[in-house]
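Participant: Sequence:
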Amino acid sequence: MKLNVTIEIPKHSNIKYEYDRKTKQIVVDRILYGSMVYPQNYGFIADALDFDGDELDILVIADQAIAPGISVPVRIVGAMEMIDGGETDTKLLGVIDCDPRYSQINKFADIPTHLLFEIKDFFENYKNLQNKKVEILGFKNDIWAVEELAFCQQLMKEYGSMDKAEFVKLMKTKYPEKYTK
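Residue numbers (UniProt numbering): 1 to 181.
Treat the hints as calculated values from the structure; they're not laboratory data. Just so it is clear, the structure is predicted and the values come from calculations on it, not from any experiment. Incorrect hints may have been included.
What the hints assert, rightly or not - Derived pair list, reagent style BS3-like, types lysine-lysine, alpha-carbon separation capped at 30 Å:
| no. | residue 1 | residue 2 |
| --- | --- | --- |
| 1 | K132 | K172 |
| 2 | K127 | K16 |
| 3 | K174 | K24 |
| 4 | K2 | K24 |
| 5 | K133 | K172 |
| 6 | K24 | K169 |
| 7 | K178 | K107 |
| 8 | K16 | K120 |
| 9 | K16 | K132 |
| 10 | K22 | K11 |
| 11 | K172 | K127 |
| 12 | K2 | K107 |
| 13 | K140 | K169 |
| 14 | K22 | K133 |
| 15 | K16 | K172 |
| 16 | K107 | K22 |
| 17 | K24 | K127 |
| 18 | K172 | K140 |
| 19 | K157 | K107 |
All chains should be built: construct the whole structure from the sequences, respecting the hints.
Facilitator: Rendered as structure tokens:
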């Protein structure tokens, strides 16, 4: 599946930018506490709402660091399920769709294993110095990722205007399995 996503954080940055749906701006949330940097470009899908109350996240595999706010064409090739602060925080995995170097990555099985190790290692450890726990539940294939995207797009249609805290509270009652693994 192909779509355009918006980059929040460039590859190799230690600055955690975040999209603010109310102001429609990308703002600095924090500087990462340790020496780690994002292993790939990190973005969001504006019309999809994840169970943490934020737009659905996506890592965009590319050679280049892409500036915040730029719209990028990607192919969805998988996902990583994780729990961050007790909330589901899915990361879709996409590959840049306008670079011939990545024309051979079309499904989850095509992603180099070491790249998956780097992504998993980053998210398992990037909050260690904040004494916050992140639990990686595992990787999912491209079929699962596209289904999750469709579900999150439906959540945005139904609940996108709801206050974030109210949304999470409601989702915890409707989908408790998304908050405890």
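Participant: Each of the hints needs a verdict: does it hold here or not?
Facilitator: How the hints compare with the structure:
Our distance criterion of 30 Å between C-alpha atoms is met by K132 and K172, whose separation comes to about 20 Å. The straight-line distance between the Cα atoms of K127 and K16 is roughly 12 Å, inside the 30 Å bound, and the hint therefore holds. Between K174 and K24, the direct Cα distance comes to roughly 28 Å. Compliance with the 30 Å bound is thereby established for this hinted pair. Our distance criterion of 30 Å between C-alpha atoms is met by K2 and K24, whose separation comes to about 24 Å.
Distance hint between K133 and K172 is fulfilled; the C-alpha atoms sit about 19 Å from each other, no more than 30 Å. Simply put, K24 and K169 have alpha-carbon atoms about 24 Å apart, close enough for the 30 Å limit, and the pair holds. Between K178 and K107, the direct Cα distance comes to roughly 25 Å. Compliance with the 30 Å bound is thereby established for this hinted pair. The straight-line distance between the Cα atoms of K16 and K120 is roughly 17 Å, inside the 30 Å bound, and the hint therefore holds.
For the hint pairing K16 with K132, the CA-to-CA distance comes to about 15 Å; that is within 30 Å, so the pair holds. Taking the CA atoms of K22 and K11, the gap is near 25 Å; set against the 30 Å cutoff, the hint holds. Of the pairs offered as hints, the one joining K172 and K127 holds, with about 24 Å between alpha carbons and a cut-off of 30 Å not exceeded. A threshold of 30 Å between alpha carbons decides the hint, and for K2 with K107 the separation of about 12 Å falls inside it, so the pair holds.
Taking the CA atoms of K140 and K169, the gap is about 26 Å. The hint holds against a cut of 30 Å. For a cut-off of 30 Å, the pair hint linking K22 to K133 stands: about 28 Å separates their Cα positions. For the hint linking K16 to K172, the alpha-carbon distance of about 26 Å falls within 30 Å, and the restraint holds. Note on K107 and K22: the hinted pairing is violated, with a Cα-Cα distance of about 34 Å set against a maximum of 30 Å.
Annotation: proposed proximity of K24 to K127 holds, straight-line Cα distance about 26 Å (limit 30 Å). The hinted pair formed by K172 and K140 meets the criterion: a straight-line CA distance of about 22 Å does not exceed 30 Å. Between the alpha carbons of K157 and K107 the distance comes to roughly 27 Å, so the proposed pair stays at or under 30 Å and holds.
Against the hints set out earlier in the document, a violation occurs for number 16 only.
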